Amino acid sequence: MDFNDTAAEASFRNEVRAWLAANAAPRVGAEDKFGDGLDHAAYLAAAKEWQARKAAAGYAAIPWPREMGGLGGTPAQQIIYAQEEARFLVPSLVFEVSLGTALPTVAMWGTDEQKQRFLAPALKGEDIWCQMFSEPAAGSDLGNVRTRAVRDGDDGGDDWLLTGQKVWTSGAHFADYGIVLARTDWDKPKSKGLTMFIMDMKAPGVEVRPIRQATNDAHFNEVFMNEVRIPDTMRLGAEDQGWKIMIGTLMQERFSLGEQFGGDLYNRLIALAKQVRWGGRPAIQNDNVRAGIVDCYLRQFGVELIVKRGMSAISRGESPGPEMAAVKLVGARAFQTGGALAVELGGAEGLIAAQDLGQQWALPQTLWLSGAGARIAGGTDQIQKNTIAERILGLPGEIRTDRNVPFRDLESG
Amino acid sequence: MNFDFDEDQRRLQEEVRRMLTTHSTSAAVRRVLEGAATHDDGTWQQLAKLGALGVALPERHGGAGMGLLELCLIAEEAGRALAAVPLLSSIYMSAEALRLAADDAQQGEWLPRLASGQAIGTAMIAQDDQHALPGAPAKLDGTHLTAIFNAVPDGMVADVLVALAGDALVLVELAGKGVTRSAQTSLDPTRPLARIACDTAPVAVLAASGGAAIAERVTDGAAVLLAFEQVGGAERALYAARDFARERIAFGRPIGGFQAVKHQLAEMYTAVELARGHAYYGAWALATGAPELPRAAAAARLAATEAYTLCAEEGLHLHGGIGFTSDMDCHLHLRRARWLAQIIGNRFWWQERLARELIGEDA
Numbered sequence: 001m002d003f004n005d006t007a008a009e010a011s012f013r014n015e016v017r018a019w020l021a022a023n024a025a026p027r028v029g030a031e032d033k034f035g036d037g038l039d040h041a042a043y044l045a046a047a048k049e050w051q052a053r054k055a056a057a058g059y060a061a062i063p064w065p066r067e068m069g070g071l072g073g074t075p076a077q078q079i080i081y082a083q084e085e086a087r088f089l090v091p092s093l094v095f096e097v098s099l100g101t102a103l104p105t106v107a108m109w110g111t112d113e114q115k116q117r118f119l120a121p122a123l124k125g126e127d128i129w130c131q132m133f134s135e136p137a138a139g140s141d142l143g144n145v146r147t148r149a150v151r152d153g154d155d156g157g158d159d160w161l162l163t164g165q166k167v168w169t170s171g172a173h174f175a176d177y178g179i180v181l182a183r184t185d186w187d188k189p190k191s192k193g194l195t196m197f198i199m200d201m202k203a204p205g206v207e208v209r210p211i212r213q214a215t216n217d218a219h220f221n222e223v224f225m226n227e228v229r230i231p232d233t234m235r236l237g238a239e240d241q242g243w244k245i246m247i248g249t250l251m252q253e254r255f256s257l258g259e260q261f262g263g264d265l266y267n268r269l270i271a272l273a274k275q276v277r278w279g280g281r282p283a284i285q286n287d288n289v290r291a292g293i294v295d296c297y298l299r300q301f302g303v304e305l306i307v308k309r310g311m312s313a314i315s316r317g318e319s320p321g322p323e324m325a326a327v328k329l330v331g332a333r334a335f336q337t338g339g340a341l342a343v344e345l346g347g348a349e350g351l352i353a354a355q356d357l358g359q360q361w362a363l364p365q366t367l368w369l370s371g372a373g374a375r376i377a378g379g380t381d382q383i384q385k386n387t388i389a390e391r392i393l394g395l396p397g398e399i400r401t402d403r404n405v406p407f408r409d410l411e412s413g
Numbered sequence: 001m002n003f004d005f006d007e008d009q010r011r012l013q014e015e016v017r018r019m020l021t022t023h024s025t026s027a028a029v030r031r032v033l034e035g036a037a038t039h040d041d042g043t044w045q046q047l048a049k050l051g052a053l054g055v056a057l058p059e060r061h062g063g064a065g066m067g068l069l070e071l072c073l074i075a076e077e078a079g080r081a082l083a084a085v086p087l088l089s090s091i092y093m094s095a096e097a098l099r100l101a102a103d104d105a106q107q108g109e110w111l112p113r114l115a116s117g118q119a120i121g122t123a124m125i126a127q128d129d130q131h132a133l134p135g136a137p138a139k140l141d142g143t144h145l146t147a148i149f150n151a152v153p154d155g156m157v158a159d160v161l162v163a164l165a166g167d168a169l170v171l172v173e174l175a176g177k178g179v180t181r182s183a184q185t186s187l188d189p190t191r192p193l194a195r196i197a198c199d200t201a202p203v204a205v206l207a208a209s210g211g212a213a214i215a216e217r218v219t220d221g222a223a224v225l226l227a228f229e230q231v232g233g234a235e236r237a238l239y240a241a242r243d244f245a246r247e248r249i250a251f252g253r254p255i256g257g258f259q260a261v262k263h264q265l266a267e268m269y270t271a272v273e274l275a276r277g278h279a280y281y282g283a284w285a286l287a288t289g290a291p292e293l294p295r296a297a298a299a300a301r302l303a304a305t306e307a308y309t310l311c312a313e314e315g316l317h318l319h320g321g322i323g324f325t326s327d328m329d330c331h332l333h334l335r336r337a338r339w340l341a342q343i344i345g346n347r348f349w350w351q352e353r354l355a356r357e358l359i360g361e362d363a
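Residue numbers (UniProt numbering), protein chains in the order written: chain G, 1 to 413; chain C, 1 to 363.
Bear in mind the hints are in silico, worked out from the structure with no lab data behind them. Here the structure is a predicted model, which means the values were calculated and not measured. C-beta: ideal position from N, C-alpha, C; glycine also. Heads up, some of the hints might be wrong.
[Unchecked claim] Listed next, with one range per pair, are the computed distances between beta-carbon atoms:
(1) G72(G) x D327(C): 58 to 64 angstroms
(2) Q213(G) x P137(C): 57 to 63 angstroms
(3) A22(G) x Q106(C): 39 to 45 angstroms
(4) E126(G) x E361(C): 27 to 33 angstroms
[What the hints assert, rightly or not] Simulated crosslink set (EDC-like; lysine to aspartate or glutamate; CA at most 20 angstroms straight-line):
(5) K308(G) x E7(C)
(6) K115(G) x D127(G)
(7) K308(G) x D362(C)
(8) K308(G) x E292(C)
(9) K274(G) x D362(C)
(10) K308(G) x D4(C)
[Unchecked claim] Only part of the chain G face toward chain C is listed, based on derived beta-carbon distances under 8 angstroms:
(11) F3
(12) I247
(13) L250
(14) M251
(15) I388
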């Protein structure tokens, strides 16, 4: 048992380190972020430029075969690259969906023509992709998609017209293309009549509106489609096969979600509790505060340990599956609980936002509020528990009264 | 990265699991529960025969010379099987204390007997006061010990006791003069307790000084090993409840189909996975002698205590009324989970220990 790389992993890590050192600036402080002071357009341009350099070095899609623009590497190497890149100041949150889930889906299900046309430019960062599954009435119940795709013309023309609304679409405001799930057959039961398409986000009839989150950020969008014309050559996979394709996409998401829930919030809590005084004594001497710090450590570091076990499985060539649902369940709750405890340490003054109270309060305040969102994004706590119960523990699925009913006959609301 | 046990270690675990499935049956555990035996000697001898008791002890003293990682997996299986055996007292505590503190002659005298299961040891090496019953602090006068210990695990069946007196670690032969002992009824009778009084009892001094540091190291090791027992027990209780929920029909379907039940089981699974992560980290720290051991051991103990308590309590609850009957094993888990949660210090003590480690304060 050890935390060491294998010899091959270690030599890959050295290679990656050397390349990063030659191409990017190292991160010095924990709070350092790439692109402070850049406006949105400049940040995007920098991100695209960085992606092009990564692609030229083969690091854009490490596990992909070389003929597809990858490195022919292993998933473990992909993780090593990500760990090393995190030590450098490089743009982030631009290509996560594009390269993490959308492109692998195109690579898996696309025709040769589609792959030829789309993969290389996306790997180089020339095109950015998004994914459009969720809808106002299709959140946890994704099979409830109501966006309509109809053949243009009475006897089945060569184009489709898409009309409907998507929601929670990360990056739609800067994406060039997206994969979109739409209903093509209303006479089949809900998950059976869905088809996946590739949509040009600049096509007439596409309208993107940012959603202002509870945190005041706007990472997500609503996407409205009004008779957006999509040629049948941009259908991804077979007609009515969309559900299966989407499940594959979401599986891609699972492990990458796990990694973001680590961190050392407990150390922030300790620093703040040493600084804050209650009744003349540092808050760190309070037993309840100490218990909260311990709890935060058990959950956050525990999540990291589960992820390390998952990485060990990847290193052995296995693929971790639904176990990662436990990571998200624990990790997101730890953000919310730990963040709230830190805010609470400040008493009434703890209610003053970080810009007026002090920078050391920024992260806890962010986690306190964004933790509420983290428990929803990528599947709510309840959905994670269903996944664990059904996929790992083998318990029966939910009662579904809609399973064998033609979609057009389902109640909506 | 290989944050996991290797194939040979897993094979050993499988072998121990198969043996325990055959020998540490519910009936065998219940013989101890009913007071017909101090421990399940059949299972104990089988563990000795497999080399499991001496797995981490040196070969020249009758051990297998493997290591503590192997012992962790044996602990997990013992916990899963609810084994009514003195692993904690004899192996995790007294054999480890002897291995770390005793000279070669003392080790040669006792370790082969502990490894073969011929002798049973126990230990009282906590330094702090967390006693509900007044005992008497251990006082060492040369080679004679005077002390009163309560809640000594396996105290009636043990042949020797390792005790911490000030900064000295000593070994008391319990059949010798100056020692009187009496059974104390345990809330988990499968893991019995005793009161041991030493009145100027002759001792062998294992370490005249530096004993407290060794005791601390042994206690951390025991915390990791017990965490594996707790993970094993928790997982067994979880899957027993899962099996019941798949079979029990109410309101026209298996109760495991209702979210109130499913989500409870998912929470139990999640607690076990979290505990397993910390237990593995503790195993790594223990086996490599890493400076992270104190925090890793405390975290393993806390997470495992939380997991087993949850799985035992909610596992029984999910069985409904039948779960509260004596015939079902649910109460065996409930009792064992409580016993394991407190025997080497309760969660408040370990929480404070972990807090001090994280904050970087001295004790």
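Regarding the hint that F3(G) lies at the interface with chain C, is the smallest CB-CB distance below 8 angstroms?
Holds, because the Cβ-Cβ distance from F3(G) to chain C comes to roughly 6 angstroms (cut-off 8 angstroms).
Taking 20 angstroms as the top limit, are the C-alpha atoms of K115(G) and D127(G) close enough? It holds: about 13 angstroms lies between the C-alpha atoms, which stays within 20 angstroms.
Q.
Against the range 27 to 33 angstroms, how does the distance between the Cβ atoms of E126(G) and E361(C) compare: consistent or not?
A. Given a distance of about 55 angstroms, which is not inside 27 to 33 angstroms, the answer is violated.
request  = Using the Cβ atoms, figure out if Q213(G) sits within 57 to 63 angstroms of P137(C).
outcome  = holds (60 angstroms)
Given the proposed pairing of K274(G) with D362(C), does the C-alpha separation stay at or below 20 angstroms? holds (15 angstroms)
Would the hint on I388(G) be counted as holding, given a Cβ-Cβ threshold of 8 angstroms to chain C?
Since the shortest Cβ distance to chain C is 4 angstroms, the answer is holds.
Check: For the pair supplied as a hint, K308(G) and D4(C), is the alpha-carbon distance within the 20 angstroms limit?
Finding: Given that 20 angstroms is the threshold and the Cα spacing comes to 9 angstroms, the pair holds.
Just tell me: holds or violated, for the beta carbon distance of G72(G) and D327(C) against 58 to 64 angstroms?
Given about 59 angstroms between the Cβ atoms, the range holds.
Problem set entry | Restraint check, 8 angstroms cut-off on beta carbons, for I247(G) near chain C | violated (20 angstroms)
Measure nothing beyond the straight line between the CA atoms of K308(G) and E7(C); if it is 20 angstroms or shorter, mark the hint as holding. Satisfied, since the Cα-Cα distance of roughly 18 angstroms is no more than 20 angstroms.
Interface hint for M251(G), Cβ within 8 angstroms of any Cβ on chain C
Violated. Min distance 19 angstroms.
Practice prompt. With 39 to 45 angstroms as the target window, see if A22(G) and Q106(C) comply at their CB atoms.
Written response: Hint violated: Cβ distance 60 angstroms, outside 39 to 45 angstroms.
When held up to the earlier numbered hints, the structure conflicts with 3, 4, 7, 12, 13, 14 and fits the remainder.
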